[in-house]
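> Sequence:
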Amino acid sequence: MRICGRALPVWQTLRAVLSTGFVSAVLHATAGAASAPLTLRIVGGLSGLNQYTQFEEPFWTRELPRLSAGRYQADIAPFDRSGVPGPDMLRLLHFGVLPFGNALLSNISTQYPELAAPDLAGLNPDIDSLRKNLATFRPFLEKILRDEHGIELLAVYTYPAQVMHCKTEFKSLRDLAGRQVRVASATQADLVSALGATPLLIRLPEVMASMHNGAIDCAVTGAMSANTIGLYKETHFVSAMPITWGLSFFGANHNAWSALPTDLQELLRRELPKLEAAIWANSERETQEGLACNTGQATCLHGHLGAMRQVPMTAADDAFRRSVFGRTVLQHWIQRSGGDNATLWNQTIGQRSGITAPAPN
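Note that my numbering has the sequence shown beginning at -19, numbered continuously upward.
The reader is advised that the hints may include incorrect statements.
What the hints assert, rightly or not - Each computed SDA-like pair below joins lysine to any residue, with the alpha-carbon atoms no more than 20 angstroms apart:
no. : residue 1 : residue 2
1   : Lys112    : Ala135
2   : Lys213    : Gly283
3   : Lys213    : Ser190
4   : Lys112    : Ala278
5   : Lys112    : Pro253
6   : Lys123    : Glu214
7   : Lys213    : Ala278
8   : Lys151    : Asn235
9   : Lys147    : Arg159
10  : Lys151    : Glu214
Keep in mind that the hints were calculated from the coordinates and are not lab data.
Using the sequences plus the hints, can you model the full thing?
What follows is the structure, given as structure tokens:
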């Protein structure tokens, strides 16, 4: 059973962005003889992080065969170790080169900025806000992916909060002016620039060296990720205020999804929301434990004990965050995504959050 069409023209069009190795193995989901289980080829999230190792990989390799009594199984690999460029994930799903995959919104937001709306920097000061803003925007996300990209949205995951780690003391967001700050996305750069700091786009594996040699003063990343790479040794102050979180969507090429047996579609529609909920709950826990580990608290169970000082999130800082978001971050997002998206914003997240965007002329 082949679940990917138009292979030859896709290869001709996208050969430049496809590497050898694992990519050739994810092009088709096949089943052999009638008695053999149908095997799906899945591209998952970031390698080495709990979302992938504790949730995505076990679901596809163990839970799917168990839930289907052995009728269906899957092979999965993280996109950053599979030869799949993160920014091209949506395009590869669209063309059917990848039948099923997890796309990190911060990776694809340069090409498709409208998809970044629920997790713009400074929008969600807690995970409850993120849940509500995503719920408001989700019907439009489903429609955009289906109508414009031919992708069936099956789940939306979140990574833990991305927070600020700095070498020297800061008591509020205003104190970050003049510093060099590592960021991981355009929207994080918008917020950092609005604070009077200089954003530098640096990959996570390069953050420690950049901090050690003085190229950056601060870094935005997950608290547990910072603990894992040893950033708690190079920085001494951490804020609990989320800059962003890190949404990703799991989707299927429309033709691939349509070709699945009906019972498998029903199984995935039933079970993937449970996987989504488990990932969200873990991200909330991991956010708190990462902060606990970096600050040397007894509630740190899975990391290294650091001695960082946590910067309290005051009401004044929260009001400043909201102000900077409305006058700068939101405006830059509208400029990147197109004026018509101001209307979309105001009908969805703007209405819920009370932060409105100027209507297009």
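> Determine for every hint whether it applies to the structure shown.
Evaluated hints:
no., hint, result
1, Lys112 <-> Ala135, "16 angstroms, holds"
2, Lys213 <-> Gly283, "13 angstroms, holds"
3, Lys213 <-> Ser190, "13 angstroms, holds"
4, Lys112 <-> Ala278, "31 angstroms, violated"
5, Lys112 <-> Pro253, "16 angstroms, holds"
6, Lys123 <-> Glu214, "44 angstroms, violated"
7, Lys213 <-> Ala278, "18 angstroms, holds"
8, Lys151 <-> Asn235, "52 angstroms, violated"
9, Lys147 <-> Arg159, "10 angstroms, holds"
10, Lys151 <-> Glu214, "18 angstroms, holds"
Checked against the numbered hints given earlier, the structure breaks hints 4, 6, 8 and satisfies all the rest.
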